[in-house]
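Each protein sequence line maps, in turn, to chains A and B.
Sequence positions in the first sequence follow our numbering and run -16 to 299.
Sequence positions in the second sequence follow our numbering and run 439 to 739.
Treat the hints with care, as some may be off.
Stated by the list, open to error - Short derived list, chain B residues pointing at chain A, Cβ under 10 angstroms:
hint : residue
1    : Leu468
2    : Phe477
3    : Leu577
4    : Gly626
5    : Gly676
6    : Asp680
7    : Gly683
8    : Ile695
9    : Gln703
Just so you know, the hints here were simulated from the structure itself, not pulled from any lab data.
Glycine included, every Cβ here is placed at the ideal spot set by N, Cα and C.
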Amino acid sequence: MPSSTSTSAAGPPSGAGLRPVSLQGRRRPGEAVIKAVLFVSAMISIVTTAGIIITLVRPSLDFFAEVEVLAFLTGTDWGPTRGEFGILPLVKATLLITLIALIVAVPVGLGAAMYLSEYASRRTRKIFKPVLELLAGVPSVVYGFFALAVVTPWLLQDLLNLEVGFTNALAAGLVLGVMIVPTVASLAEDAMSAVPLALRQGSLAMGANRMQTTLRVVFPAALSGIGAAIVLGLSRAVGETMIVALAAGALPSTSLDPREGMQAMTGYMATTAGGENPVGSLEYNTLFAVGLTLFVITLVINVISIRLIRRFRQEY
Amino acid sequence: MASLTATAPATVLASGRRSRDANTPSVVFLIGLWASLFFGVVVLLVLIISTAIDALPRLDGPLVADYYSGIRPEQTGFRAGILGSMWLMLGTALLAVPLGIASALYLEEFADRHRWYNKLIEVNLQNLAAVPSVVYGLLAVAAMSVLGFDRSGIVLGGSIALALLILPVVIITTREAVRAVPREIREGSMALGATVWQTTWRQTLPSAVPGIATGTILGLSRAIGEAAPLLLLGVAIGVRFDPNGFLSVFTALPIQIYTSTSQSQEEFQTAAAAAIIVLLVMILGMNAMAIYIRNKFQRTW
């Protein structure tokens, strides 16, 4: 499949240009109709984005009519039932859990990517890439159960003797890290595989060994792609819901101690949505305000990652 | 998705002088790389084995044949969730597959890449692929109220959320499959007088079907495990009847796993573990099917 990707990249697709005519030179209106139908299908993605923005912004406007924007963004007390709407504790929990996840996923993901790209034989790659895919295919609710049933009682409490609560940020972060390893690894591997062979040959010819070549030639050359891989993993981690809802707890807290339970943004959304809030109520609107905050954060991260990907595509 | 993107060219160099790699830092480095590669395997094994051990007492008939029971947690079953998830998959596939293929065909075969609106679609797709799944739940809630339903927790609502969620994946993999069909096949067809659409429908698309099927199944296997958007839709939990259509109130297997896990009784934890095994078997089955199709029907030109 990859060997032939370049064949159609040569010019614009044949459907892009001339007006369709039959061999007799008659016009083919059906072709234009089909093209229009396909175009409308492709526009669904734009409509989706517009829909997301409208969906999130409208209830959020109602929310901000009742709660001050500044109090929402800078308040440190989150208790919607008590009338306190400072989102910082939720954001802090999300960032702390994401940080723990990255501490796991970045070294492991990059290590796996370096091995697969620089050392692995074709056969090894054929075995391990599906395994990584399987790891990516495990549903997040299963990871959440894993964090509660295995990571907290066995790994943290028994093996490491940590004083952790039943729900805690550490277990959630560690498992979240495992979940994003495949994302980081596969994108980073693509980036490193795209580095031209000549760079490696040059390095080896200068007397460098394979470790030096990997770390000092391939790694810097693929840096923007690797950056994109990490940033995409970050965005996954921030938006992940079920692990955080199950394993991190449902109590907002301002503590920075990862051994304690804390409620993250997505965790709040999952637990609140389960309850029945009438449409238009403040509780309901709060959900969308938190959703909007989450969307804006991931949007910023995604834009950075798209920029980085574009840069690494242009380089070679 | 990962394996459908370009695999690496042969970057491994035949090194005749292994001695340079035989010093301590190199060996430590290599062991580190090995360890990170095996990390995933180990976690996957621990996860499956420990869940299977937890699930062992409940891997019985009532698990899949009975409904949820709050009074007798030792006999609670996931029949409604399993059937609900199947309906959900059907609805998601019916929405996402035609739309995804049509979008991909437009972008690959008809779109002029230099037009601003086509560039917008491209950038937008990349961004949509990374939007958190909870947000799709909120979107589907709004979509259902626009469509005039007073209840969003029905099969249609869930299907809309999941279809929009996997649409970028379906489009991206379909585009890759279509792009892999050699240009010569299109040119041959056009030279015989076929129009662009005739060429696409009769030559390009049939040749790309294995790749499309693989990508779609992988996308669906991701959708079947999603709980977050369904949670926001307000999908019911204690459903004690089989869903009977796209407008039926339903529950899904991941939702039942989530609620069972959040209960304090030991029996519910065991039941959740058993339901996870059922879910993993479904997902592994879909993945195996995708890999089979890829290996059996994939043509290389």
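Hint-by-hint comparison with the structure:
no., hint, verdict
1, Leu468, "7 angstroms, holds"
2, Phe477, "5 angstroms, holds"
3, Leu577, "5 angstroms, holds"
4, Gly626, "12 angstroms, violated"
5, Gly676, "13 angstroms, violated"
6, Asp680, "22 angstroms, violated"
7, Gly683, "24 angstroms, violated"
8, Ile695, "5 angstroms, holds"
9, Gln703, "14 angstroms, violated"
Comparing the model with each numbered hint stated earlier shows that hints 4, 5, 6, 7, 9 do not hold.
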